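Note that the protein sequences, when read in sequence, are chains A and B.
Those letters in the first sequence? Residues 32 to 318, by my numbering.
Those letters in the second sequence? Residues 32 to 318, by my numbering.
To be clear, the hints were calculated from the coordinates, so they are not data collected in a lab.
One or more of the hints may lead you astray.
A pair counts as met if it fits within one copy or between any two copies, since identical chains are not told apart.
Derived lysine to any residue pairs resembling SDA-like cross-links, with alpha carbons at most 20 Å apart [unchecked claim]: (1) K301 to E206; (2) K174 to A311; (3) K301 to R122; (4) K174 to L309; (5) K301 to S96; (6) K174 to H306; (7) K174 to V265; (8) K301 to G215.
It should be emphasised that the depicted structure is a prediction, and the values quoted were computed from it without experimental measurement.
Protein chains: 2
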Amino acid sequence: MTRSLRVAAVSPEIRVGDLGGNLERVRDALRHAAARGAQLIVLPELATSGYVFRDREEAEASSLSRDDARWSGLQAALAPDTVAVIGYCERDTGSLSSDTGLLSSDTGLLSSHTTRLFNSAAVLTADRRLGDYRKVHLWGTEKAVFDEGDSAGLILDTPVGRLGVAICYDNEFPEVPRRLALQGADLLALPVNWPLVSRPEGEHAPEIIQAMAAARSSRLATVVADRAGQERGVSWTGGTTVIDDEGWIAADSTRGVAEATLILRGTADKSLPPHNDLFADRRPGLY
Amino acid sequence: MTRSLRVAAVSPEIRVGDLGGNLERVRDALRHAAARGAQLIVLPELATSGYVFRDREEAEASSLSRDDARWSGLQAALAPDTVAVIGYCERDTGSLSSDTGLLSSDTGLLSSHTTRLFNSAAVLTADRRLGDYRKVHLWGTEKAVFDEGDSAGLILDTPVGRLGVAICYDNEFPEVPRRLALQGADLLALPVNWPLVSRPEGEHAPEIIQAMAAARSSRLATVVADRAGQERGVSWTGGTTVIDDEGWIAADSTRGVAEATLILRGTADKSLPPHNDLFADRRPGLY
């Protein structure tokens, strides 16, 4: 049994530090993609803030808390039952997060560093906040800005199915997409900011090759929203891509948008007729 | 600290069932590659027997035991300290393998099925048999012919370093190359028989994409020896390829041989300067 799902990965213009302008451009991108029928819309990592921060203070100035009133402006751009995955710089002041370990159990006092920042992705519908994922594999100088999350990818039940979410460098650890697929993800939303690296003529960006391989290994369609252009001397790969559940590129980004209709099999169907099965053939006792 | 290693993946003509002829052609291929300076030579899966058996009996007729006298003919083709990895159909009559469980502990009697067959790879030098790997992830009708091994890939200390060995479908389980790399493999020898499957124009074979991704994820150079041409209606991919430790194709096969000089970093060096490390950045507690 298969179903079709219309997906869009969108790469709007993002300016580092321009929170207000980025929110407008993200909203416009969501509205445009939703109007074209996308049921799942993925935006890049740190889409509301930009990426190449001068320091932690600049990142904090472009951060949003989960309960910020401005989220509703983005949600208003969505059609009913459209799901959006949006990378953002998350500010957590601790008051809303008794589960985050901010309160020191040793002293009973609030940490002196009361605001934590995360490289997060919000999963939204028009009327609900389904969840937030906090990146755990931090790249480069991100460690100087962000705290790490506590889950290697996240799965959420959404109107488009069981949605896996990971961010950028997370997916270069083959354990992450594999784990999400084994836990029943129907597909993967992957906000990224891939810096352009050299590669041989004719090859895809290495991160795309890794995402294609992970998709094929676990029959896990993957929707990648990347940056394009440059930011403070960093050139982006422009890897916005929809990868189908056999690991092939269903759409890449012309004009900053990759749109495709994915044909998804049931989550549990990993069969390779007539004799094999991607998951049943695993030998977990030997790994 | 880096070192260079000259490797060759070779795809000689292999005819199903023609054990004697295949041994001759494998020997010639080994001699030719060794004469050209290869320190590691990889031959395809089931190189001595062919692949598309009509039934188990035909496979058994083309099988070799580990102590068959004919191995020495192949070893004689190698230069001192050259390492060869050769796929073969292994016959195990039980008498040499008290560790394989063939003797029934319940009855004390030999199983009625006294000969077991494995889809194996021999790792040889001119004067030593370093080890044998038995494929654990069996593809298609292989399950009707072969027993499964008991290790998901194998690592052997060899004159060319700590060599990982896996066979064909094994490497499509991302756990396998990852495990071998985490256990200290310097590089991976991968004998395969990849049936040709359809793919989009301009793309590599899917199994090559998976091997490139695995190589990059774990900085694990991979030497793939595949079949070419056809056998009993099965067309082979011709995917004989050397993949470097960044996941790029260092050589593919023109005229049935892929030769390259790999630059290998120390096994423990998975660093991505200035801030990252492929292995230290893992979050094993979260997988």
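To see whether the hints hold, each was checked on the structure:
no. : hint         : result
1   : K301 to E206 : both (18 Å within a copy, 17 Å between copies)
2   : K174 to A311 : between (38 Å within a copy, 14 Å between copies)
3   : K301 to R122 : neither (39 Å within a copy, 32 Å between copies)
4   : K174 to L309 : between (36 Å within a copy, 15 Å between copies)
5   : K301 to S96  : neither (38 Å within a copy, 36 Å between copies)
6   : K174 to H306 : between (46 Å within a copy, 9 Å between copies)
7   : K174 to V265 : within (18 Å within a copy, 51 Å between copies)
8   : K301 to G215 : within (11 Å within a copy, 31 Å between copies)
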